[in-house]
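Participant: Chain by chain, the residues:
2 protein chains.
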Amino acid sequence: MKMRKIMAVFWIVAALMIGFAGGIYLATSQGNVQVAPGDSNGKYTSKQEIAQSDDKMQKINQAYKLIKKHFVEKVDDKQLIEGAIHGMLSSLDDPYSSYMDIEAMEQFNEQIESSFEGIGAEVSLVNGKITIVAPIKNSPAEKAGLRPNDQVLSVNGESLEGYDLTEAVSKIRGKKGSEVVLEIIRPGVKDILEVKMTRDTIPIETVYADMKKVDGKSTGIIEITTFSERTANEFYEQLTSLEDKGMEGLIIDVRGNPGGLLESVGDILAFFVPEDIPYVQIESRDGNRDPYFTDLTEKKPYPIQVLIDEGSASASEILAVALKEIGYDVVGTNSFGKGTVQQAVPLGDGSTVKLTFFKWLSPKGNWIHEKGVKPTIEVKQPDYYFTHPVQIEKALSFNDTGENIKNIQQMLTGLGYQLERIDGYFDKTTEKAVKSFQKDQNIKQTGKVDQDTAGLIETALIEKIRSGEDDRQMEKALQTLYK
Amino acid sequence: MKMRKIMAVFWIVAALMIGFAGGIYLATSQGNVQVAPGDSNGKYTSKQEIAQSDDKMQKINQAYKLIKKHFVEKVDDKQLIEGAIHGMLSSLDDPYSSYMDIEAMEQFNEQIESSFEGIGAEVSLVNGKITIVAPIKNSPAEKAGLRPNDQVLSVNGESLEGYDLTEAVSKIRGKKGSEVVLEIIRPGVKDILEVKMTRDTIPIETVYADMKKVDGKSTGIIEITTFSERTANEFYEQLTSLEDKGMEGLIIDVRGNPGGLLESVGDILAFFVPEDIPYVQIESRDGNRDPYFTDLTEKKPYPIQVLIDEGSASASEILAVALKEIGYDVVGTNSFGKGTVQQAVPLGDGSTVKLTFFKWLSPKGNWIHEKGVKPTIEVKQPDYYFTHPVQIEKALSFNDTGENIKNIQQMLTGLGYQLERIDGYFDKTTEKAVKSFQKDQNIKQTGKVDQDTAGLIETALIEKIRSGEDDRQMEKALQTLYK
Chain U
1210 MKMRKIMAVF WIVAALMIGF AGGIYLATSQ GNVQVAPGDS NGKYTSKQEI AQSDDKMQKI
1270 NQAYKLIKKH FVEKVDDKQL IEGAIHGMLS SLDDPYSSYM DIEAMEQFNE QIESSFEGIG
1330 AEVSLVNGKI TIVAPIKNSP AEKAGLRPND QVLSVNGESL EGYDLTEAVS KIRGKKGSEV
1390 VLEIIRPGVK DILEVKMTRD TIPIETVYAD MKKVDGKSTG IIEITTFSER TANEFYEQLT
1450 SLEDKGMEGL IIDVRGNPGG LLESVGDILA FFVPEDIPYV QIESRDGNRD PYFTDLTEKK
1510 PYPIQVLIDE GSASASEILA VALKEIGYDV VGTNSFGKGT VQQAVPLGDG STVKLTFFKW
1570 LSPKGNWIHE KGVKPTIEVK QPDYYFTHPV QIEKALSFND TGENIKNIQQ MLTGLGYQLE
1630 RIDGYFDKTT EKAVKSFQKD QNIKQTGKVD QDTAGLIETA LIEKIRSGED DRQMEKALQT
1690 LYK
Chain C
1210 MKMRKIMAVF WIVAALMIGF AGGIYLATSQ GNVQVAPGDS NGKYTSKQEI AQSDDKMQKI
1270 NQAYKLIKKH FVEKVDDKQL IEGAIHGMLS SLDDPYSSYM DIEAMEQFNE QIESSFEGIG
1330 AEVSLVNGKI TIVAPIKNSP AEKAGLRPND QVLSVNGESL EGYDLTEAVS KIRGKKGSEV
1390 VLEIIRPGVK DILEVKMTRD TIPIETVYAD MKKVDGKSTG IIEITTFSER TANEFYEQLT
1450 SLEDKGMEGL IIDVRGNPGG LLESVGDILA FFVPEDIPYV QIESRDGNRD PYFTDLTEKK
1510 PYPIQVLIDE GSASASEILA VALKEIGYDV VGTNSFGKGT VQQAVPLGDG STVKLTFFKW
1570 LSPKGNWIHE KGVKPTIEVK QPDYYFTHPV QIEKALSFND TGENIKNIQQ MLTGLGYQLE
1630 RIDGYFDKTT EKAVKSFQKD QNIKQTGKVD QDTAGLIETA LIEKIRSGED DRQMEKALQT
1690 LYK
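Residue numbers (my numbering), protein chains in the order written: chain U, 1210 to 1692; chain C, 1210 to 1692.
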C-alpha cells in the first residue's frame, strides 16, 4: 500500500497531483464541494427579483461606477463583479464558501473525474521550486525514474522559473501519446538531468488495499485517499476481495484524507452502520435535522478500526465518528474538524458559487466542527514526520544556531543518527551525525549542511516515511485490533 | 524635540495614539486620504444609471440572493453589501483603495481634527497586552507618571482582557473633566499600580521644533510627524520663529511620517520650492499631467536637509523628493514608496470609498511608487532600533537558543553591554551581560531572562532610543549640513 497521504503531512506546502488538481490537498483548508441531496436548483435571476433588490444593489452599483470611472488604472468589468462576489462570500467568515471562476471549475471537475492524461507525478512548490513529491505507480514518471525531491527546471525547454504550481502543472500535463522532456536537478547529482517521457492516461485510484498477517490472523487494510465519484465502488471491490480471501479484521485508513462527496462516504458507511441508527444527520439553517439511514441488518462479524490524523477532514470525519459511535476504535490523532456541507451552485456562465448549505452531525447528534473527532486510542507519529524542507543559503556548521538546524537535527534523528541536541544549536554531535550521513551517501564528509546535503537528508527521510517502517499509528492499530 | 516616530519603528505592532486613531500609523501600509483639488462630487446614484448597469449587476445580485436564501447561518444585508464593496476594491490590488464604514469614518475624522479629549498617551498592543508607548507632553498621563511599557490591566475596574486596541482606546478615552482609574503592571514593580487621572483636552501637535548650536551655527530642526489640516500653519509658526532667532541652517525631519493631506505638504513646499519648477505633478488615468507651482521668487538663503527613513511615506516623500531635486541633501534610508493620491468619496450613508484617483510625480517627473526616495546621504540606525518586544514563557538561560535570545542580545548590545555572540545562542558572555544589567537595575542577578527582566531591558532600550543620544541619521545630518 502506498502511503501517499503521509507526504501531505511532510510537505507542508500545498501539494497537488499533476492532473488531479488543487482541490484535494487544498480541501483540508478549504473543504470540498459536496452535493447534498434535495436542493440543487441554483438559478435566481428573474427580472422581478432583481427589481425587488434594487435598493440593496444601489450602494454596490454606486461603488462599482465610482471605481470604473475614477480608479487610476482602467478596470475590467469581470474583475469587479468577481471581486464583489468574492467579497460577499468572504464576509460570511466561512472558509468553505467560495467563488470558483470558469478556470477553477474546470480544475475542480478534473478532480472529480476518475483519470487524467499526463506523466503521473505528484508535485509541490518547495522553496519556490517545482518539486516531485512522488511518481504514481506504473506511470510514465515512475518508469522514467523520477524520484521524490527532484526539482523540475524546465518543460520542453521552457523554464518554469517564476511559475506557480497550477501554471507549472498545466505545462507538464498534456494529451496521451505526446512527448515531454523535463530538465531535473536531483540532490547529490551535479549535472542537470534530462528526462523524456510519453504522456499516458493515469487512472486516479482513491482506494488502496493490502492484507497482513497479525498474530496469525488475516488483517485487511484499506486506505481511502479521498472520497470522489468512484471511491465507493473501488472500496466495495477491495472490501469484497479481502473478505473473499478470509479477512478476520479490518483497518480503514483515512489519514490525510481531506474529504469529498457526501454520497461517497454514505455508500461506504452502508457496509458498516446498521439500519437502526442514522449514519449521519444533515441540519439546515432552521435547525431541522434530516437523519440518513442504511438498510444494513447487522454489523460485520470482524473487528474494525479507523485510522485518523490531523489531515482527516469532512467525509473522513463522517466515517470516523460514525464508526466510533457504533463502538469501533478510532486510532491516531484528533482529526481536522469540518462539520459543514457545501453545495456547488452554477451561476449560468460557467462559474460557480460553492456555499455552505448545511451542518452535518454524527449519528448521536454531535457537531465536530472546529473540534474534530477524538480518537479512542491516541497515537502520534514521530516528530520527524512533521519536519519540512529547508532552504539553505550559507552552509550550516558547528556553533551555528537557528530553526533550520533544529529541523535538520530532527530529520537526522528520524534517520537513526545519534544527536545530543535537537534544539537548533549545531553541536559536535550534530557535526558527527552529518559526517556519518555524508559517509553513508558516499559524498564528501564536510560535517557541514549545504543545500545538497540538506536535499539528500530530505530525500532519505521521505523514503523512510514512505516505507511505513516507523508508522506508529498503524502499528498501534494492528496491535490492538484483536485485543 | 520629542522623537515620537522612532517608537513606531521600535514597536512594530501598530501603534495608535489615544484619540488620534488608527489611520496615522496604519497609513504607512494603507495610505492616507488626500483630497485632491478639481474633482470631488462622488454621487452616482441616478435611477437611469442603475438601469444601464443592470446586466452587470445581475450576476452579483444572483450570488447575493443565493447567499441570503441558503447560507447555513442567517446573513445581514449590510454585511453582504459591504462585503461586495470590499471585494471590488480588493480586486484592484491597490492597498490604498478601501472602504470605510461609518465607524471607520468617525475614527478617520478624529484623526484630521486638531485635538481630542482623553488622558494623552500613545498606546499599543504588545503580546496581547494594552501597553503605554509614550505619554504626550504635559498630558494627564504624563503628569500622573505613566511610563513607556506600562501594561494597562483595567479601566475604572473593567478588565481589558481580550479587548483589541480600538476597544481599549475607546474605554480609556472620555470627556474632559471626567475621572479615569487605570490598573497598571510596570516591569520591575511587583504590585499592581492604580493611577488616577482627570481627562483633559489634548492638542495634537504635528510639528516639533528645536534649535541646536552646530560648529557655532544656529541650526533649526523641525520634525513633522504627519501632514494634517493644521500642519502647514504649525510649520509656518515654527519656521518663522526659528528664522527670527537667526537660524543659519535647517533640518526637516519626516522620519516615520506616513503622509497625510496633499494640500498640507504643498503649503509647506511653498516656502522652499521656487516658482520656476513644479513642486509636484498630478497624473490622471489618461496620462495628463497637472503641474503645481508655488509663487516663491527665491530659495532660502540657508542650507537645508531632509531626514527620511523607511517609515516616511506619501506626503513625506513629496517633500523629500522635491527638495532633493532642487539640490538639497536627503539623509537617512530609502523611503517607503507611495506615489499615489487617494480621494475619499462619500456614499451618502456615512460610509466612504477611499479610492486611488491619481499618481503623483516629482518635480522632474519621476514616479517613486514602490521604489521610494533614495537619500543622497545614506545612514542606517543601529540594529537595536529594529528589535521588538518578546514574550517569554520559560526563562531563557545559558546554552538555550532561539530568535528571542537573538533579539535580547541585540537589545543588550544596544544598551552598551559587551556580548561575544548576538546570533541567538545564549553563551557565557550573554549570561554575564544579563547579570550586569540586573545589577544596574537593582534586581536579583540570576543571569536568566524571564518576562520581568525582558520587560526592563525593553523599557531601558525605549528610553535610550527616545533620548536621541544614538541617532546616527540626525548626527550625520548635523555633521554635513554646512559641508
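Please note that a few of the clues may not be correct.
Identical chains share a label here; the pair holds if one copy fits it or two copies do between them.
[Unchecked claim] Think about it this way: if two alpha-carbon atoms lie no more than 27 Å apart in a straight line, the pair counts; the simulated DSSO-like pairs of lysine-lysine are: (1) K1648 to K1399; (2) K1657 to K1603; (3) K1287 to K1568; (4) K1583 to K1685; (5) K1422 to K1644; (6) K1692 to K1573; (7) K1583 to K1509.
Calculated directly from the structure, the hints in this document are not laboratory data.
Participant: Each of the hints needs a verdict: does it hold here or not?
Facilitator: Checked hints:
Taking the shortest alpha-carbon separations for K1648 and K1399, only the intra-copy value of 17 Å comes in at or below 27 Å, while the best inter-copy value is 56 Å. For a Cα distance limit of 27 Å, the shortest separation of K1657 from K1603 inside one copy, 10 Å, qualifies, whereas the shortest one across copies, 31 Å, does not. When the C-alpha separation of K1287 and K1568 is checked against a cutoff of 27 Å, the pair qualifies only between copies, where the shortest distance is 24 Å, while the shortest distance within a copy is 32 Å. In this homomeric assembly, K1583 and K1685 come within 27 Å of each other (Cα to Cα) only inside a single copy, at 16 Å, whereas the closest approach across copies is 63 Å.
Taking the closest pair of Cα atoms, K1422 and K1644 never come within 27 Å of each other, the shortest separation being 39 Å inside a single copy and 63 Å across copies. For a Cα distance limit of 27 Å, the shortest separation of K1692 from K1573 inside one copy, 26 Å, qualifies, whereas the shortest one across copies, 83 Å, does not. Taking the closest pair of Cα atoms, K1583 and K1509 come within 27 Å of each other only inside a single copy of the chain (23 Å); across copies the shortest separation is 75 Å, beyond that limit.
Violated hint: 5 only; the structure is consistent with all others.
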